[in-house]
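Novice: Read off the chains here:
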Amino acid sequence: MMKTDEKMIVNGKRLDGRKPDEMREIKMEVGVIPNADGSAKVSFGKTTAIAAVYGPRKLFPRHKQKSDTGIIQYNYDMATFSVDERKRPGPGRRETEISKVSRLALEPVLFLKDFPKTTVDVFIEIIEADGSTRVTAINAASLALADAGVPMRDLIVGLSGGMVNGVPIIDLCGKEDNYCDADVPIAFLPNKNEITLLQMDGRLTPEETKSIVRNVLHAGKEVYKKQVEALKKKYSE
Amino acid sequence: MKKNDKKSREITVPGELIGSSKTFKSGYGTYIEGDKIFSEFVGILQKKDDYVSVIPLSGVYIPQRNDRIIGVIEEVQKFGWIVNVNSAWDGFLPTSEGIDDYVDVKKVKMERYFDVGDIIYTQVNDHKKGDVQLTMRTPIARKLRGGVIIKITPSKVPRLIGKQGSMVTLIKEKTGTIIRVGQNGLVWISGENVDKAIKSIKMIEQKSHIFGLTEEISKLLS
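Chains A and B supply the protein sequences, listed in that same order. Under numbering that gives the first Met the number 0, read the first sequence as residues 0 to 236, first letter to last. Under numbering that gives the first Met the number 0, read the second sequence as residues 0 to 221, first letter to last.
Among the hints, erroneous ones may be present.
As the list claims (entries may be wrong) - No farther apart than 20 angstroms at their CA atoms in a straight line, the calculated lysine to aspartate or glutamate pairs in the EDC-like style are these: (1) A:231 / B:15; (2) A:231 / B:204; (3) A:63 / B:89; (4) A:65 / B:130.
Keep in mind the hints are simulated off the structure, nothing from the lab.
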């Protein structure tokens, strides 16, 4: 972890004035790309992700087809202008890894067994990055999949937790992401209480980990409500 | 809009609890875990007596036996045709199911019957694990000549047809067109005022979830 002299928490308030268990402003919108089967835009503060879903559709090349089940192809990408210093375009080590873990997070949610030989394509573009991009992307993917009408077991909620100066926090912003003691992105199914993504970068004791996970699962219910609201809004004029 | 307040359609989201399997039978768009029934789709919840189902508001077409669909010939093969049926899989129409007369495949060109790009009104014979078999051996099946094809969401097809075909008959009469609706979401239109018919069909697709749609359509067409 990088070191900084700056105090991350002063008088119980974080860098951007939030309380430790407070999330940034959440905006969700469904159906932003008319040509996609399903799409969504999700922002947590200054982090914005756009998701487009196509399928289930025929999978090519043919050797990738599975005769007993469908597959997900998840593509996470950051726009060159999404960060302060221009990011080199195209997927690198980081993007490939995030695509894989996110795909594994989505697999238990879909009934892919009903769609043999097909693929569900999920394309994510981060147009504004300020920490917690992978969980924001998962929220967008969840909404886009539901919008596309792919059969799902549940919606999926992503939210990051972490630890700064010994205080557990949720929904890390970019600076906190860089200088925190540890950050823990989590994705889970709110109605089933199943965790499908849990990563950790940093050092935590078992007790600290447990308390962070508990905080995130609790706060995630708020994110779930926003998702439901966004989906229902599209169909109620 | 006043009607809406009294009896608005209830919209479900995936994973939403919609009942217990002890009191309800689960229908399309739902799944059972433990003894609880959950929704699979963003859709309209329907409860009839002890039967619950969810009609999805979007999604691809899933072929089912005896569905009457519209397909476009994609490829001519030795013993049949590959047909695009607007689904996740292609349909296959074998020679024996496609034509009535006996043909010697060595001598006769299959293009004589159906060529690439031809539109057919056909029926699903069977669907197993992504293998969709079609048949023309039903009275309703035929080749459609001329006309245009438009796509709508497959789950909204019943709304377009209306009660005993009331909605589609209305459009047919008012615009002087011939319309054939496939259950896979492809609609074939031919006749005088095709543009107007397309406009009204698109409107039905957009406003499928509101009440009093038939009146609105007849207002648009007159």
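Novice: Would you mind marking each hint as holding or not holding in the structure?
Specialist: Okay, the hints, checked on the actual structure:
At most 20 angstroms may separate the alpha-carbon atoms for a hinted pair to count; residue 231 of chain A and residue 15 of chain B meet this at roughly 13 angstroms. At most 20 angstroms may separate the alpha-carbon atoms for a hinted pair to count; residue 231 of chain A and residue 204 of chain B meet this at roughly 17 angstroms. Taking the CA atoms of residue 63 of chain A and residue 89 of chain B, the gap is about 17 angstroms. The hint holds against a cut of 20 angstroms. A hinted pair counts as satisfied when its Cα atoms are at most 20 angstroms apart, and residue 65 of chain A with residue 130 of chain B qualifies at roughly 13 angstroms.
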